[in-house]
Amino acid sequence: MSNISFFVPKGPFSINELFKGFSGQADQLEITDVKTLDKATKNHITFLNSNDYIDFAKTTKASACVTTSKLKKYLPKNCLTIVVKNVLFSIAEISKKFYPKADIDYPDQTLVEYSKHVSKFDTVTFGKNIFIGKDVKISSNSIIGSNTIIEHDVKIGENCIIGANVTLRNVLIGKNVVIQDGSKIGVKGFGFIPLKDKNFRFPHIGRVIINDNVEIGANCTIDRGSIGDTVIGNNTFLDNQVHIAHNVKIGENCMIAGQVGFAGSTSIGNNVSIGGQAGISGHLKIGNNVRIGGGSGVVKNIPDGTTVMGYPAVTLKEFLKKK
Amino acid sequence: MSNISFFVPKGPFSINELFKGFSGQADQLEITDVKTLDKATKNHITFLNSNDYIDFAKTTKASACVTTSKLKKYLPKNCLTIVVKNVLFSIAEISKKFYPKADIDYPDQTLVEYSKHVSKFDTVTFGKNIFIGKDVKISSNSIIGSNTIIEHDVKIGENCIIGANVTLRNVLIGKNVVIQDGSKIGVKGFGFIPLKDKNFRFPHIGRVIINDNVEIGANCTIDRGSIGDTVIGNNTFLDNQVHIAHNVKIGENCMIAGQVGFAGSTSIGNNVSIGGQAGISGHLKIGNNVRIGGGSGVVKNIPDGTTVMGYPAVTLKEFLKKK
Amino acid sequence: MSNISFFVPKGPFSINELFKGFSGQADQLEITDVKTLDKATKNHITFLNSNDYIDFAKTTKASACVTTSKLKKYLPKNCLTIVVKNVLFSIAEISKKFYPKADIDYPDQTLVEYSKHVSKFDTVTFGKNIFIGKDVKISSNSIIGSNTIIEHDVKIGENCIIGANVTLRNVLIGKNVVIQDGSKIGVKGFGFIPLKDKNFRFPHIGRVIINDNVEIGANCTIDRGSIGDTVIGNNTFLDNQVHIAHNVKIGENCMIAGQVGFAGSTSIGNNVSIGGQAGISGHLKIGNNVRIGGGSGVVKNIPDGTTVMGYPAVTLKEFLKKK
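Top line first, the protein sequences correspond to chains A, B and C.
Residues 153 to 475 in our numbering are what the first sequence spells out, letter by letter.
Residues 153 to 475 in our numbering are what the second sequence spells out, letter by letter.
Residues 153 to 475 in our numbering are what the third sequence spells out, letter by letter.
A hint or two may mislead.
Since the list gives no way to pick one copy over another, a pair counts as held whenever it fits inside one copy or between any two copies.
[Claimed, not checked] Result set (PhoX-like, lysine-lysine): computed pairs, CA atoms no more than 25 Å apart in a straight line:
#1 K327 with K348
#2 K348 with K437
#3 K327 with K253
#4 K452 with K474
#5 K289 with K350
#6 K452 with K222
Derived by calculation from the structure, the hints in this document are not laboratory data.
Next up, chain A with everything else stripped away, as it sits in the complex:
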């Protein structure tokens, strides 16, 4: 499902068009898109802003990278590095150059009431008052609830059940997926650079990718990726009112109870179970087969196979000792 983009980037731009007054050796390098370290290939620009991503930096195939003087050394020799003071601000400005409309992406002006749609959805069952945008695909035997909005380019696999009052934008959905009433998928994430008069909003140009056999409860919110995607793995089940921030990756066969929240860019392994109302901080790596107790607050990485509890979350053994 990974070749679909919800926006076509502007450009290409030369390095000098992206960085006015750039004095490095850029020659004829043309940049065609902005991507994360792991997804970038030839002619893409990427960014490195944290020690957490050094492993990705070492093997990136990007042609250029915005970074700091300290982190520069981790990038491959053939990747042009541009050292800046504020990496996020710089990459945000570049993103806006490639995707100038990413911040005003709604409402989708291509929405049409489903029965008037030129695309045919012959084997799909529809409720009432459903609006569908351009180039939406809904595969056979899927069911779409009433008052649901499906914006342009959304893809829905076969045998899916989408509830009522759902909004789907910037999302690719596999087969046998259930999304219950009122969930909002693909909204802009909580990414911005604080400024005094008006915070600078980080552009969100990524997608949400929901793999096969996933279930999502009612009134959940799942943010689209900023650069890069938000991903939910096969056969992972979410209860009601779960909040998943931008760029979070959740593995396969996970079980996420009600009102759990994930902050941005955290990755969760496979076979992870998380109790109700637990919170997972941003930019963490949670291993496979991890169990997180209900109401826990997770603030650091958790290795494979560990059971944690508490606020801040510690291993079950430590938690019981403290009591």
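Since the structure of chain A is provided, determine the placement of chains B and C on it from the hints.
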């Protein structure tokens, strides 16, 4: 309100049709429905899977019960017991036999824009763009907000105020009830048996029963019962973003603040007050006149009249001692 | 934005009409409206029920005030004081006299599909199926998402982006404001006086005031003020699923992460950052430049510049010492 069912069960089935190769003494016993221990009567099949329900088991009027070899002894002599390895899996399969469409219950194909409805709702005030299913009843002086969906067989008593963007399915509502904007009532609960490729979803065939004088805030989620019902007692008030899982029973005159979450099958007494963001684990029994502090995590039963706080919640005395 | 009221008060009423059998010296005093201590002016009645508001009491310009025998002494000499046993019950009854329809304020019977509206919204971009009430104003270059409801008298400034499935009632919105999908703004708060058969609902006649450059995530809930307003300051950003109760005041340049909850009447200073899932109790005063860790439970006032964490929240130093 208890005689309305949202589905008509298939069947009847003989024990041998339900359990292939059953070698016990079933004779001509015909099973007509699947019910919880306390609601089952003659010709019903029920299940016993936990010590928590032994009291209900001893007095059940069910004609048959799926259980384990250890729990079998608690069932009445005249109740046919079928011992299985995985009680939940077995009863789920039986439920699907009686209610094959329980998992694909939406969208309601009987929905019609309210003004085109054959039923008359003469004394009801309607907003705009409201869809109502077959056999819905709305009593006098009730008010229904815009973009709200009321699925087949839902009953709403007199003097109710239902907000905008609400979805009501599988729910019976008393009189003088308020439900604010965006709440989703009667969605499927988070009940399934984990399997590697595709979790086995436990069928949800129960209802939500909301008694008189109840108020429910905005963007709440209340799951329908799996087998059995989810119940909210008279004059209980819920704030915004409360999550109530399947089979939860809440008593009368309770006060539940914002973002509280209840896991499945827990029962709450009368006159209970619960502070914001508290979480109550599943299968617990919370007594009458209990007070639960905001942000608490309740993981065990609480006797009548107790005040608890903390994570995990302890009595107020213990909590203050620990500090 | 402060001169718009969503209801016109009934009256004026004399003190003897408001308090049957009142034996104080009220003479010809006419009461025209009910307001909070700080907003009341000549011919208004107000109330004082708590030590927390003594400073406001001392300088109130109200002509009359309902209060207790203990608190009476803090009110100005020229303010007529009416001592009652239950201040909240009394002021609630007075509110209902001035605003008899405040409790049954929906659905807005003036809603019309936007394209059929007599008001012109020439420079506004609309999605589909949008309903707009009487005297709504939407300024230039704003964008309104599909299935969104904007009730009577709501004002929206220029360059705003309102998502899909949003409900706006009793709210004044500045310029450059973003509200994402599914948020419900201006619903009635969780204010009532517990009574055995049917709790007495406190009337909600206040507004929500959202100042310039604010962003609000998806599926948030913001209650209207009871008496007085709920206010969000310039350039404050809220993530998804945030819950803001009635009468909360949030300052400028605040950053509120996902699933945070605020109980009623709390005030938050400027430049405050609050981590995900934190909860703030009611009637608190949180200073400027405060940082509240994710998952914290704040139960007392916090002075300027303090960083707090934990449940209940303590200073960072204390929190680390306890660990």
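Hints violated by the structure (listed by number, smallest first) | Of the numbered hints, all hold.
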